[in-house]
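Asker: Line by line, the protein sequences give chains F and Z.
Following this note's numbering, the numbering of the first sequence begins with 1 at its first residue and continues without gaps.
Following this note's numbering, the numbering of the second sequence begins with 1001 at its first residue and continues without gaps.
Some hints could be false.
Stated by the list, open to error - Here are some chain Z residues the structure puts well away from chain F; computed CB gaps all over 10 Å:
1) Gly-1124
2) Ala-1139
3) Arg-1163
Said to hold, decoys possible - Only part of the chain Z face toward chain F is listed, based on derived beta-carbon distances under 8 Å:
4) Pro-1006
5) Ile-1007
6) Trp-1070
7) Val-1072
8) Asp-1075
Said to hold, decoys possible - Quick list of simulated restraints, FRET-style, between CB atoms:
9) Arg-225(F) <-> Pro-1088(Z): 42 to 48 Å
10) Ser-188(F) <-> Pro-1066(Z): 51 to 57 Å
11) Arg-176(F) <-> Arg-1120(Z): 21 to 27 Å
12) Ser-188(F) <-> Pro-1088(Z): 29 to 35 Å
13) Arg-1120(Z) <-> Ala-228(F): 43 to 49 Å
14) Asp-144(F) <-> Pro-1066(Z): 43 to 49 Å
15) Ser-1168(Z) <-> Phe-240(F): 53 to 59 Å
No wet-lab data here; the hints were simulated from the structure.
Being a predicted model, the structure only gives us computed values, none of them experimental.
For every residue, glycine included, the Cβ atom is placed at its ideal position computed from N, Cα and C.
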Amino acid sequence: MSDHCGPADDARRGGLAVDAPLMALVGSPNSGKTTLFNALTGLRAKTGNYPGVTVTRYTGVADTDAGPVVLEDLPGTYSLSAISPDEQIVSATLDRDDAASATPQALLVTLDATTLARSLRLVAQVLRRGLPVCVVLTFSDELDRRQGRLDVGALERALGVPVVAVVGGRRQQLTRLRTLMGAPGEWSRPVVPPPADTEGVSAWIDSVLTATGYSSPELDTRTRRLDAVLLHPVWGTLVFLATMFAFFQTIFALAAPAQAGIEAVFGWLGDQVRARIGVDWLAGFLADGLIGGVGGVIVFLPQIALLFVLISLLEGVGYLARAAFLMDRVMARAGLEGRAFVALLSSFACAIPGIMATRTLPSTRDRIATMMGAPLMTCSARLPVYVLIIGLLVDSDARVGPVGAQGLIMFGLYLGGAVSAMLTAWLFSRIGRSAGPAMPFYMEMPPYRIPSVRSVALAVWDACRGFLAKVTKIILGTTIVLWLLLNLPAPSDATLRAAGIDPTDDVAVSTYTIDHSLAADVGRAVEPVFAPLGFDWRINVGVLASLSAREVFVATLGQVAAATDPEDPAGALAEMTVQDGDRAGEPLFTPPVLAALLVFFLYALQCTSTIAVLRRESGSWRWPAIAFGYLFGLAWVMALLARTIVAAVT
Amino acid sequence: MSTTVPIHAEAVPGDPTTVRWVVPAGRLGFVGSPAVVPAPLAGLLDDGVVSQLEVEPAAVLVTLAPPHVWAVEGDRVRTALQTALADPAGWRAPAGVTAADRLAAAARQVLAGEVGDYARSHGGRLELVAVHDGEVEIALHGTCDGCPAAGRTLEDRVLTALRRLDPSVRRVVSAAPPEPAPGRRRLPLRPR
Chain F
1 MSDHCGPADD ARRGGLAVDA PLMALVGSPN SGKTTLFNAL TGLRAKTGNY
51 PGVTVTRYTG VADTDAGPVV LEDLPGTYSL SAISPDEQIV SATLDRDDAA
101 SATPQALLVT LDATTLARSL RLVAQVLRRG LPVCVVLTFS DELDRRQGRL
151 DVGALERALG VPVVAVVGGR RQQLTRLRTL MGAPGEWSRP VVPPPADTEG
201 VSAWIDSVLT ATGYSSPELD TRTRRLDAVL LHPVWGTLVF LATMFAFFQT
251 IFALAAPAQA GIEAVFGWLG DQVRARIGVD WLAGFLADGL IGGVGGVIVF
301 LPQIALLFVL ISLLEGVGYL ARAAFLMDRV MARAGLEGRA FVALLSSFAC
351 AIPGIMATRT LPSTRDRIAT MMGAPLMTCS ARLPVYVLII GLLVDSDARV
401 GPVGAQGLIM FGLYLGGAVS AMLTAWLFSR IGRSAGPAMP FYMEMPPYRI
451 PSVRSVALAV WDACRGFLAK VTKIILGTTI VLWLLLNLPA PSDATLRAAG
501 IDPTDDVAVS TYTIDHSLAA DVGRAVEPVF APLGFDWRIN VGVLASLSAR
551 EVFVATLGQV AAATDPEDPA GALAEMTVQD GDRAGEPLFT PPVLAALLVF
601 FLYALQCTST IAVLRRESGS WRWPAIAFGY LFGLAWVMAL LARTIVAAVT
Chain Z
1001 MSTTVPIHAE AVPGDPTTVR WVVPAGRLGF VGSPAVVPAP LAGLLDDGVV
1051 SQLEVEPAAV LVTLAPPHVW AVEGDRVRTA LQTALADPAG WRAPAGVTAA
1101 DRLAAAARQV LAGEVGDYAR SHGGRLELVA VHDGEVEIAL HGTCDGCPAA
1151 GRTLEDRVLT ALRRLDPSVR RVVSAAPPEP APGRRRLPLR PR
C-alpha cells in the first residue's frame, strides 16, 4: 500500500493502555473539528477550508489536567440519521447498544458560530444520546468580524452543557478545554434534552437562538463581491479555467531549475559510483539501477511539492469549494450530485482519498459511479510520467503564442482527465439507474480566508514524505526486480564475440545485454497488444512495470537510458530507435507515439493501491475488475486514436 | 415554518425539581402562578405530576412533584406546555395581577441580568422605582449616580433588553435624582 495517498496516522493509540478514557469529536463538515483535533493531540491530520476532508477516522492522544485521554476524530456529519456511510459510523459510535464500536465516555461537539442555526440540529441529536457533551464553539472570531452576535453564557445556559469558545486551534486557548476534558463526569448535563421530532427541533433552535441574542453574521462584503464574479456561470467558469491554466504553467516554469539541480546531483553520483566501484555488476546496479531508476523518479520532487503548494493554497483560500459549486451545476445536469464532484476533486492529488470521500455519498449507485471516475482524475503519480513524455514531445522553449507549450499540454491532460472522469461517472450512474431519490446536498461556501503557512507547509511536507516513502518502497523494489530482469541472463564473452560485439566496449555490451534480457523477452511477448500504439518492447516493459505504480515507468526508461549512454541518459532516451519490425531504425519516440503514451497513461488504471482501495470500499473484487478492464480498454482505444490523429496532422 | 411554539428548557440552579422553560416573550401577557391553564397542562397538575407553575415574562417555571423526575417526564411536559402555549387565551392570570405587574417583573429581570451586571461592573447599581402606563422608572445608584455616561446610555440598554421580554414597554426614564445640595451643579443626565 502506498502511504502517499492513504492517511498516515490511522488508529494510533500512542502506546497507551487500552483503558485510557475514550472521547470523540463530533461536528458538521468544515466546522473546525480537525483543526481542534490537531491542536489537542499535536497530530497532523489534514485539514482544509473545504467540507469532507475527514473521511477516515483518526485517533490521537490529548493531554488533560487529569492525564491523557484517547481522542477520536469522527467524520464530519450534518445529522445522526445514518443515511450515508460516514453518518453511519458516527451514529454507530454514539450508540451504546452497538457492541461493534466502543462508545466514547464523553463527546466534544464542534459548533460553527457562523452557521449556528443549522449546526444546532446536530447538537440536538447528539444531546439526546445521553452521553456527557461539551460544546466547542469555533469561528467566533469570524462571527465578530462579520458583525454577528452571540452570548456564550446564554448559550451555555440554553444548552445545559459546558460551552468553550476556541479560535482556530490556538493552543493557549485550550487551557479551559483541557481542564474540562479531565473530568467529563462533572460536566453539566441538559436538564431536559432537546426534542427528537424535526418540527420540535426547529422550535427548540429558534428558542435557543433568541435566548442567546444571536444575530447571524453578515456575508463578508469581500466574500460577496468576489463570489459575484467567481460563482458567475460565465465569468466564474472562465476564471476557473484561467486559474487552472496558470497553475500548470507555474508547475513547469518554477520547478525546472530545481529539477535540473537534482538531475545534476544524481548524474554526478552515478559518475562517482562508476568511477570508484571496481566490481562491474555492482557499479552497474548502483549507477544504472538505483541511481538511474530511483533518481529518475526523485527528480520530480520539486513538481510534486509545487503541485501541493498550489493545491493547498487554492483549498485554504476557499477557492476549491467554489470550483466544486461551479461544477455542481454541470454535475447536476449529468444526474450526479455535487458531493460526487467533491470526491472527484480530491482525486486531483491522488485517487485514494477521492475514493474514500465517496463515503459521504448516500446513494450506492452514485458511490460506485464516482469510484469508477476517480482514477481518471490526474493524480500526482502521473505527473512524473507526463513531465518526462512532454519533455520528449516538445522543447521547453516551445511556445504557443505567449504561453509555454509544455504547460499547455499538461493543462490539456488534466482537463482531459477531469472530463473523462465526469463522463465515466455519468455513464456508470446511468447503468445502475434503479437506486433511490436524490439526497439533499449541502455544500458550504467557506468565506475567503488566508491559509496559514503551517497548514500549507504540512500539506506539502506530507505529500513529499509520502512520495519519497513510495519511492523507497514500491518503486525501489520494482526497480531492483526490473534491473535483474533487464540484466539477466548476463552474456558470456563468447556469446558477445559470436554476436560481433567487443567485450571491452561497455556501452555495446550493456545494450546487447538489455536487448537479450528476460525483460526484453516479456516486452516482446506482449508486443502484438501494443504494436498498434507504436510501443516497442522497452515501452512495453515500462508500461507493464508501471502497473505497480505509474512512476515506475519513468524509473524503467531511466534504467534503460542510463545503460545505453551513461554520459547523457536524457539524450539517449530522445535518440532511441526502434529495433525490430518494419519501423526498425526509425526514431522510437515520435510525436504520434508520445501522444499515444500520454493518452494511455491518462486512462489506464496503473496503481495497485487504487485497486486495493476500490476493493475495500466497494466490498468485492467485481468493481475493481470492471474498472481495470474498462480503463485498460479505454486507454488502448484512446491511445490508438491519439496516435492516428497526431500522425495525420504532423 | 413550523407552528410549534419555540421553547427550550434551562436548569434552575440549586433546584433540580424545577425547570425554567424559556418561551417567547409576552406570549402569556401576565406573570405569577396562573389561575387556569389549558387542558394538557391542567391534566399534568391534576395527575400530580406537576406541582407548581409560575409564569415569568419570557419563561414558565414548572416544578415536578416527587417522585417524578425530569429525565423521565421532560418530553411529556414539553409537549403539554407547547400545546398549552399555542392557546394563550386558555390561560387565566392570577387574581389582581395587572399589566404593570408584568412589566415590573420584566424590568426586575433585566436589572438582575446582563444590564444590571454592566452597571455593577462599573461600581453602580440600578433600582426599579415605578412602573405606570408602559413607562418604567429606574434609579441610578453608586458610581452611576452623576456619571455622565449613565443617562441615556443606561436607559437605552434597559429599554432594549426590556423590549425583548415585554414588548408593551414604551419608555425607560431615570428617576429624578435626590435634590442636589444648594450651590452644587450636577452634570445633566441627558445631553441637551
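Asker: Decide, hint by hint, whether the structure agrees.
Answerer: Status of each hint after checking the structure:
no., hint, result
1, Gly-1124, "holds (21 Å)"
2, Ala-1139, "holds (26 Å)"
3, Arg-1163, "holds (12 Å)"
4, Pro-1006, "holds (4 Å)"
5, Ile-1007, "holds (5 Å)"
6, Trp-1070, "holds (5 Å)"
7, Val-1072, "violated (10 Å)"
8, Asp-1075, "holds (7 Å)"
9, Arg-225(F) <-> Pro-1088(Z): 42 to 48 Å, "holds (46 Å)"
10, Ser-188(F) <-> Pro-1066(Z): 51 to 57 Å, "violated (22 Å)"
11, Arg-176(F) <-> Arg-1120(Z): 21 to 27 Å, "holds (24 Å)"
12, Ser-188(F) <-> Pro-1088(Z): 29 to 35 Å, "holds (32 Å)"
13, Arg-1120(Z) <-> Ala-228(F): 43 to 49 Å, "holds (47 Å)"
14, Asp-144(F) <-> Pro-1066(Z): 43 to 49 Å, "holds (45 Å)"
15, Ser-1168(Z) <-> Phe-240(F): 53 to 59 Å, "holds (55 Å)"
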